[in-house]
Structure formats: C-alpha cells, structure tokens
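Peer 1: Chain by chain, the residues run as shown.
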Amino acid sequence: MTTPENEGRKDTPDTMVGTVPGDGPVLPDAKRNPSIATRERRDTAYTPSGETPYLVVQDLTVQFPTADGLVSAVNGLSYAVPLGRTLAIVGESGSGKSVSSMAVMGLHDRKRTKISGSIQLGGDEIVGMPENELMKVRGDAVAMVFQDPQSSLHPLYTVGNQISEAYRVHHKVSKDVAKKRALEMLDLVGIPNPIRRFKQYPHEFSGGMRQRAMIAMGLVNDPKLVIADEPTTALDVTVQAQILDLLNNLQKEFGSAIVLITHDLGVVAEMADDVLVMYAGRCVEYGTAEDVLARPRMPYTWGLLESIPTVSAASEKLRPIKGLPPSLLSLPGGCSFNPRCPYTDRVKGERCTTDLPELLPVDGAGAHTSRCHLHDKASIYEAEVAPRLG
Amino acid sequence: MSKTVRNADAASAGSSSATPLLQVRDLKMHFPIKEAAGLGRTRKVVQAVDGVSFDLQRGGSLGLVGESGCGKSTTGRMITRLLTPTAGQILFKGTDIAQLKERELRPFRRELQIVFQDPYSSLNPRQTVSNIISTPLRVHNLVKKGKELERVQELLERVGLNPEHHNRYPNEFSGGQRQRIGIARALAVEPEVIIADEPVSALDVSIQAQVMNLLEDLRRDLGIAFVFIAHDLGVVRHFCDQVAVMYLGKIVEQGPREQIYSAPQHPYTQALLSAAPDLGTIRGVPPKERIRLVGDVPSPIDPPSGCRFRTRCWKAEDICATQEPPLMTQAQSGPGHTAACHFAEPKIDLTAATA
Amino acid sequence: MLYFVARRLVSALSVVLVTLIATFALFFIAPTDPAGAICGDRNCTQERYNEIKQNLHLDKPKVQQFAEYTAGIFVGRDFETSGVVQHCSAPCLGFSFKNDRPVTQMLADRLPVTVSLVAGYAVIVLTIGVYVGSMAAKRRGTFGDRALMTSTLVVSSVPYYIVALMIALYLTILYPILPRGGWTPPSESVGKWFLGLLTPWLVLGIYSCTSYARYSRGSMVETLSEDFIRTARAKGLSDRVVTYKHALRSGLIPVITIFGLDVAGSLAGAIFTERIFDLPGLGVLVLDSLNNYDLPVIMGTVLVASVILVVMNFLVDIAYSIIDPRVRLA
Ligand SMILES: Nc1ncnc2c1ncn2[C@@H]1O[C@H](COP(=O)(O)OP(=O)(O)OP(=O)(O)O)[C@@H](O)[C@H]1O
Ligand SMILES: Nc1ncnc2c1ncn2[C@@H]1O[C@H](COP(=O)(O)OP(=O)(O)O)[C@@H](O)[C@H]1O
Ligand code: SF4
Ligand code: SF4
Ligand SMILES: [Mg+2]
Ligand SMILES: [Mg+2]
Chain Y
1 MTTPENEGRK DTPDTMVGTV PGDGPVLPDA KRNPSIATRE RRDTAYTPSG
51 ETPYLVVQDL TVQFPTADGL VSAVNGLSYA VPLGRTLAIV GESGSGKSVS
101 SMAVMGLHDR KRTKISGSIQ LGGDEIVGMP ENELMKVRGD AVAMVFQDPQ
151 SSLHPLYTVG NQISEAYRVH HKVSKDVAKK RALEMLDLVG IPNPIRRFKQ
201 YPHEFSGGMR QRAMIAMGLV NDPKLVIADE PTTALDVTVQ AQILDLLNNL
251 QKEFGSAIVL ITHDLGVVAE MADDVLVMYA GRCVEYGTAE DVLARPRMPY
301 TWGLLESIPT VSAASEKLRP IKGLPPSLLS LPGGCSFNPR CPYTDRVKGE
351 RCTTDLPELL PVDGAGAHTS RCHLHDKASI YEAEVAPRLG
Chain G
1001 MSKTVRNADA ASAGSSSATP LLQVRDLKMH FPIKEAAGLG RTRKVVQAVD
1051 GVSFDLQRGG SLGLVGESGC GKSTTGRMIT RLLTPTAGQI LFKGTDIAQL
1101 KERELRPFRR ELQIVFQDPY SSLNPRQTVS NIISTPLRVH NLVKKGKELE
1151 RVQELLERVG LNPEHHNRYP NEFSGGQRQR IGIARALAVE PEVIIADEPV
1201 SALDVSIQAQ VMNLLEDLRR DLGIAFVFIA HDLGVVRHFC DQVAVMYLGK
1251 IVEQGPREQI YSAPQHPYTQ ALLSAAPDLG TIRGVPPKER IRLVGDVPSP
1301 IDPPSGCRFR TRCWKAEDIC ATQEPPLMTQ AQSGPGHTAA CHFAEPKIDL
1351 TAATA
Chain R
2001 MLYFVARRLV SALSVVLVTL IATFALFFIA PTDPAGAICG DRNCTQERYN
2051 EIKQNLHLDK PKVQQFAEYT AGIFVGRDFE TSGVVQHCSA PCLGFSFKND
2101 RPVTQMLADR LPVTVSLVAG YAVIVLTIGV YVGSMAAKRR GTFGDRALMT
2151 STLVVSSVPY YIVALMIALY LTILYPILPR GGWTPPSESV GKWFLGLLTP
2201 WLVLGIYSCT SYARYSRGSM VETLSEDFIR TARAKGLSDR VVTYKHALRS
2251 GLIPVITIFG LDVAGSLAGA IFTERIFDLP GLGVLVLDSL NNYDLPVIMG
2301 TVLVASVILV VMNFLVDIAY SIIDPRVRLA
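Protein chains in written order, with the numbering used here: chain Y, 1 to 390; chain G, 1001 to 1355; chain R, 2001 to 2330.
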C-alpha cells in the first residue's frame, strides 16, 4: 500500500545537461518542452510488479526515553525506494526526518532508543541486526551524506585519508590501492587537482568542496542506497545547484537509490521522483513529486506550499501556517495537525481532534496517499489553495 | 500602539523626490590580517567590502543578496556603526555618520537598529524578555519610570507574542519567537531604519513566513525602512522593492525588484537566479535555463584584477581582466537599473514567471 | 611544519633569556646580601665579608656581574676563595661555597632523579588517565562510569601529601607490598632504578590520573557527540576504531593543553614525592639550599626549572601541531 506506484510517468527527453566535473560552465541546449520538469525524470517508469524495492521501511517507530518522558520521534512510518529512484522526505525541523534515516543506517544508540517495525535493505532486516553485521552494511551498501560538511568531516585527518579509510573498511586492499580509488573519487565528484587535494585537511577546502568530498566518501564503495540528509542546506545557491547536479549525475551513472532529506520544496521539485511529507513523526502525504507538489491533498502540505516565497512568484502576502509544531512528548489527540489546521470546521463532528486519520489513497485507489479526514480535498485545493499559489 | 506608529503619510510624502533617508557612498571595509609567512608574518587586508553605494528611501526596503562571504553582513554592521568603515560615507538624513565618535553617534544609534540572523545567540540567555526589551528604552530615556512594563507588553503584542510572557527567559521560546523578541528589541527605540541581517534564514518555512509577514506589517504600519540582507532570492523578491546583488565586496547589479528578477543584466545575477531551485516547474511552468557556475568565490584577500567575477564568468574576455567595469546604467536598462559588466545584456526567462 | 617548529624555537629561546635576566634580577639586584649569606652569621668578620664580596665581584657594577654570570654559562669562569682558584666549567651556573662545588655539578647529580620521576608521571597520566577517561566516556551514564567518576572525586579531594604519606607508611613500611623508594642511577642498574621509582611513580601518577581521567572523560564525551564521529560510524568503522582513533585524537587536544599547564604543578608535586620517598632530586636540593641559604644553588635550580618548563611547553606545542594541522598555520 505504501509502495509508490507510478501510473503513466511521462517519458522525458534528455534536455538538461548538468555540470561535467572540471569543465567550464555548462549551458543547456535551449530545447524547451513545456511539459517537462527541470529534472530529467527516469525513462522507464518504476513498476511494482518487478522485484521488491531496494529499501522497504514498514511501520517504523523510533522512540527515545528521556527524563521528561517518552519522545516519539517517528511513528509508524512506511515507504519504499527502488534502485535508480529518489525519494524526498520533507517536513519542518523536528518532524523526524533525520531520526528515521539514522534508523535505516542503524546509527541510533541501542541503549537509548526503542525501535520497532521493519527496515528491509536489499532483503536484509536492519531492525535488530547485530552490531557487527550492521558495521558491514554501513558505508558499503548504504552511505550517508550529512548536512554540515564542516563539522561532519574529521578536522584532524586529511581528506584523502578519510576517503581511503572508508574504502579500506570494506575492502581488503593496500593503502596504495585505496589511495588510487580515493583519487578517482575526488576526480569523479569534480574536485580539481585531486593529488594536491588528497593531502589537504578539511579546513583547507571551501564549503562546496567539503560537501563534494563528503559525497566522494559516501560513494567510494558504490553504495546501492545513498541517504543525503539536507546535503545542501549549509551551502550557497550556486554551490547547491552544483551539488544537486552532481548527485543527479552520479545516480544516473550508478543507478543507486537516493533518500533525500530536505525542507526546501524547491529542491524537492528539482530532484525527487517520490515525496514523503512528514509531520510530527508521521507520514501525512506520500506520492510522486508531481502528485504531492502539483496536486497536494493535505492541509499541511498546502500550508508548506503557501509559506514559500518563490523566486518566480509575484509578491503577495504569504500565508504561513499558524502556531508551532507540537511537542513530541504529548501529541494532540486525533490528527496531530489539528491545532494549526484552518480546515477543521469542514470535517463533520469532532473527528479532527478525536480520530487519527489513516493514510489513505486520495482517489480511492492508487499510490498517492494522504492522512486527512477532509472529504473534498481535491475541490478545496483547486478552488481555494491553488489560486493563491499563483 | 499610537506611540510607535509614525505618520504614514509623512513617510510616503518624503519618498523618491526628496533626499533619501540613507545614502551610502563608496563604503569600504578592509580588515587587516596577519598571515604566517616563513619565519615572520605578512600584513594583508581582507577587502570585505570595497566601494558600495546605494540609497534607501524613507519606508523603502533594499535587499542585499549574494553568496556567503561577499560582504553583506559587513555592510550592515558598518551602517549601524558596529564597525567603523575604512573609507566612504554613510549619510543619514544628511549627516555623515561614517567616522563619528561614539558620543556623537548616540542619537543615531537609536534610529538605526539591527536584527541578527541567529535567534539563539543574539539574545542574552540570563535576561528576561522584559529586561532585554527595556534596556534600550532606558539607555535612550524613552520611557518614564514605572511605564516600562506597559511599553514592553505593548511591543510584545506588536510582534505577536503573548504580553504575559514578559518575565520568561529566551530559552523558553522557539526560534521564530526569539526572532520576534529580537525585532521587539529593535522596535523599542522607534527606529527609522532596521538592518535585518538574514532575519529568517535560521527558521523553518512556515515560521519564516510568519516572521516575514510581521516585518511587512511593521514596514507598512510604522513606515520603517529596511535594509534586508538575505541569500534566499525568493525571500528578497518577496520583501524588497530595491535589490542590490553583491559579489566579493562589490555591488554588481542594482535596481528595482521587477527588473532584477525579470531582466537581470549581470552574468552573476543571472547565474544566481538560474541556480535557485524553483517550484514552478513541477506545476507545468517551462523550466528555466540552467547556468551553472564552476568553482568557488575567490579569496577577498587577493581578488581578481579587473572584473572580480571573471574567474567564474562564462562571458569573460580579455578586457575583463584589465578593466574594472563600472556600475552604470546599461543600454537596455530600465530606469534606476545599473549593472557592472562590460557585456551586460538582459536575459528574460530565468525566473519561470507564473503570472 | 618546519617553519612552525623554528618559530616556536625562537620564542622558546627568548623566554629562556628573559627568565635568565629575571632570575638574576631577583637574586642580585633585589636587596639581598649574597656575600653576607656565604660569610655566615657567626664567624663573619668585616674583612672576610669584603673578601667574599671582591671574589664574587659583588663590588662591580650589576651589568658587569650579569655579563660575567651569563658568560659563565657559555664558556665557564673561575672563582677564587681564600686564595684558591676554582674552575667552574661551562655551563657554569655559579659556585656553591657552602658545598664547595660548582652548582652545575650539584644539579647534574640531581636532575636525572627529578626527570625520571616527572617522565614516569607523564607516561602514567597520559596513558592510564586518558584511557580510563575514554572508557568512562564511551560508557557514560552506566554504573561503572558513575562509580569511577565518584571515586576519582573522592581521591582528588584528599590532599596529595596525605595520600603519599599514607601509602609510603602502609604499603611500603607496615605492609611492604610495594618496593620502597630509592635512587639508583639507571647506568648502574636499570632494574633497581625501576624498582626504586615504582612506588613514587604510582603514587604521583595514580593520584593525578584521577584528575586526568576526569578531564579526558569530559573532553571525550564532547568529542563523541560531534558530527564527524557520526560520520565515522556511518562509514562502518568498529566502535573501537571510532573511539580510539577518531575520537581520541581530537579529545586529546584539551588534555594536552592541561598537561602543558600542569608541568609546573608536577614539579611541585615532585618536591613532596622526593622528600617522602627519599629521592635525591631537585626538589630536595632546593629545600636543603633554602635551609642553608645557599643562594647560587637556589638560583641555579630556579633557572633549570624554568628551562624545563620552557622545554616542556615547547614539546607540548609541537605535540599540538602534530595532532592538529590547523595549529600549524597560527
Ligand atoms: N573581523 C574580520 N576580520 C577579517 N575578515 C573578516 C572579518 N569579518 C568579516 N571578514 C571577511 O569579510 C568577508 C565578508 O564577510 P561578511 O560577514 O560581510 O559576509 P556575508 O556576505 O554576510 O556572508 P554570509 O552570507 O555568510 O553571512 C568575508 O570574506 C569574511 O571572511
Ligand atoms: N537522542 C534523542 N533523544 C531524544 N529526542 C531526540 C533524539 N534525537 C532526536 N530527538 C527528537 O526527535 C525529533 C525528530 O528529530 P529529527 O529527526 O532530527 O528532526 P528533523 O526532521 O529536523 O531531521 C526532534 O524533536 C528531536 O528533538
Ligand atoms: S484531519 Fe482535520 S486537522 Fe488533520 S489535516 Fe485534515 S482537516 Fe486538518
Ligand atoms: S565584465 Fe566580463 S567577467 Fe565581468 S561579468 Fe561582465 S563579462 Fe563577466
Ligand atoms: Mg535533521
Ligand atoms: Mg552574514
């Protein structure tokens, strides 16, 4: 049910050219096709009839016992990412994006975390896997790129050392072989002069180059799944564009699955095949990027879209979501979004405050699902929300 | 609120034709630094800001955009005289405050306020909100003894916080709420200009929109002029009627918002706009042209000769290395639109226009 | 890196020079009376007093005295007492008339004792102390961690000399579990040298380990929560490699800073230890010379101690730059 299906994804021609590492600026050919998005979407639509997706998360719950009580950071989350596709997880800070993906890496401290549900990675169950087996998976089959490359690289080891170390953890090779591989990776991610850069420390790199180095380190073992946790949040737009292009190109080349965590819907629009919107630890809307961004069916998603001042939109007053995200120690009853939701009066009775809505297909069937009691989501969106978005 | 509301008519009456409220002329900030070189040290300067000029009208809003390290914050800190400029003029209502001594500055300090990016570090964690907001009131003798609390509560209400919370400490508030406290502190002294240095960059989208709306109300209701520093082009487009794009310590393009966004002339502005991820495309808007800059911003210690953007510019020719292009009106510019490029030329479809 | 070392060396040498001048000023320009001290209280006649003054060149201008003293350090000098000329070869730090020996020789006898003691101390605190601290950090919050930290607090709240005395009394004399302290030059017998120093090392080292365990625990707890540790784990490194390679290296930096500041303290600790365990080190020498008012010896010891401090700080700086590449730029 939570497996993303893709009905009739349009095949799109190869219009956009990304940056070729090390080359001059790459300008696109000016072919214009109004129906395509900026990102080159996958040629072959993913069909669930094939083998099971590479990553299947089912009913994942992550809780932290703290002095103040049990923090439920992730609550019954399910999603699937096949090879070659990108799933974007969006939501406000604290909604559980990072916690859920750290669980996929098995990075949570066992003693301080309660995890239940299932995380299948290429058929292997991650939840409950013993540490010594997890170690073999981490960095090999699945790699992670973190938000802040400044603090995520070890300040006291050279960049080259850190990349070759990542290779040697999973390959029994000599230092020289690992070094060759690291140089290859530095070159691949577009760092000019790899031989010199190999010997340098992270503080000698700029922010964008550090993130490239992080990506090189993540990809050194050809992972099947890359989890990128806000990989460009700390970067400038021009550098962000370079990094996103790089991720796209690498995915094209190696066909890996990508889970992209971000709060920037613009980035989602450019990168994602599928989108999962999280609110207070739960998935509130899930579908293809077009579904969620062009035909959203959940008041929280609407609120997010209405909050963004876009580069292209004319300047009208923004319509922010009122209030703050709830405390995870005591979620409001019913739909967690109800204290901030402007549509509660359209739902019959008090259901918004009493019943937790289920994640259901928006049109009765199909892969686009949302969690909301509203009946006429489509008409409300078309009549009220869409016009405001311009 | 009567106290804070400045006569909006007076504000608009004094617009364009009259002298601008704030005129910045050829402002420079060169930080001396020492670098280890062999057994000794050499002295160099970081040209953080190198000749920036602009006008700010009463009640107007000017956006400063550019990549990290291009000198936006430094410019803001000079205008509020948290830094003393190396050279240049800052004319506030006709008085050059660039080199004034601390004592002569005092009356101006009240009129020029700054709001910082980081809502976590810019408030003293050991002071109550009431204390934070009333300190500037007392320093500038703006309120009678005994009336302080009343004024504090009025200000809290103005920025959308619960007036009952005046006795709380900053750590009891969320990021967005703290940013409101910072804004209330700036408002307390009834400034004419607020320099907002990335006021919403640290906030989540929904909270960001709340704070932006607040700032907009303040501008409309109180006639406060804003210098709005941001790296998010969407936010600037939303808030500012004038935009200045900075690169490596200089303004490379400047003009009315509509022209900067719909017909940018400078290659750097074009690259910035094209790099901004945009939602429009997914809703069927034609995708914009993709211009990708390579490499990084050069060091402001040894900026490139001639045009500072030439190391990353795809249009650069020999002349760019030898002659610095002046910031001037270009052949196809609209009124008030200037760009600093030898080969300036508008590109029109970089922001997928939704209208 | 080479430039860094060279720059630090230059600054270390200038510190030594300043110390030399300061020490000289303290003992010779300040209103002290070295001649009177040497002459003694009882049978000091005016004649003898004047003679001493002349022999020591104390009647010469201060600048000349300083020049002679400094020259002595580099080329040696002669002293004349009651008509006998004594040669004090370079590096000459003066002549002890009380003991009738050049100060340098006296120090040379004592220095190895103190250096052995302090070196052993350094090894113990930097290995055992840091290791225990890191273990505790890795297991923070567990019973073992809390028990360990509480016991270190208890130990370090008892003054050092009491701990040292008690151990000396109970464990070496009443219940001789540990060997008694004593000095045998390592050139004579390494085994005896080791056994004689074992108890003092343990006492001095373990006592300070308690503080070092706490410093390194604090520093490691902080480091273990850094983003780059998460990165290291995400690479698939084992817990051991993450803790002892990635975390320890940056966790060590603050510990080394404290160690650099603590060298002076450890020299002071050495004085007690030498007294209690009967080691003829610099500390004991200073105490004796203070009793005898043997100014040249005191001055020489102060000078040597400061040089030791400067050298240690130089080594700490170098250690820093090896651990942290960012320091090399400074
Ligand atoms: N006190 C200082 N000493 C030396 N250099 C400085 C100092 N303050 C700022 N700089 C340098 O001046 C340049 C401009 O800095 P500034 O903080 O104004 O950038 P910014 O445009 O606000 O960037 P950001 O978007 O990251 O806030 C940078 O290269 C910075 O490193
Ligand atoms: N180790 C922990 N102990 C207690 N609470 C935690 C822990 N880690 C994360 N949380 C909480 O879980 C929630 C989700 O966090 P996170 O996934 O990091 O959010 P984001 O969506 O911004 O990535 C937050 O409220 C956070 O405070
Ligand atoms: S269920 Fe109710 S409260 Fe929740 S999003 Fe739908 S309308 Fe709003
Ligand atoms: S002057 Fe030359 S280098 Fe500078 S922006 Fe224009 S074309 Fe590019
Ligand atoms: Mg996160
Ligand atoms: Mg700044």
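Hints are computed from structural coordinates only; laboratory data are not their basis. Quick caveat, the model's predicted, so the values are computed rather than measured. Positions of the beta carbon are idealized from the N, C-alpha and C atoms, including for glycine. Take these hints with a grain of salt, some might be off.
[To be verified] Sample of chain R residues facing chain Y (criterion: CB under 7 angstroms; computed from the structure):
1. Asn2055
2. Arg2180
3. Ser2225
4. Gly2236
5. Arg2240
6. Ser2250
7. Asp2262
8. Val2263
9. Ser2266
10. Ala2268
11. Asp2317
12. Ala2319
13. Tyr2320
[Stated by the list, open to error] Distance ranges between label pairs, derived from CB positions:
14. Glu2222(R) with Glu204(Y): 40 to 46 angstroms
15. Val2311(R) with Thr1084(G): 42 to 48 angstroms
16. Leu70(Y) with Lys1093(G): 56 to 62 angstroms
17. Ser2225(R) with Pro1107(G): 31 to 37 angstroms
Peer 1: Which of the listed hints are not met by the structure?
Peer 2: 1, 2, 3, 5, 7, 8, 9, 10, 11, 12, 13, 14, 17
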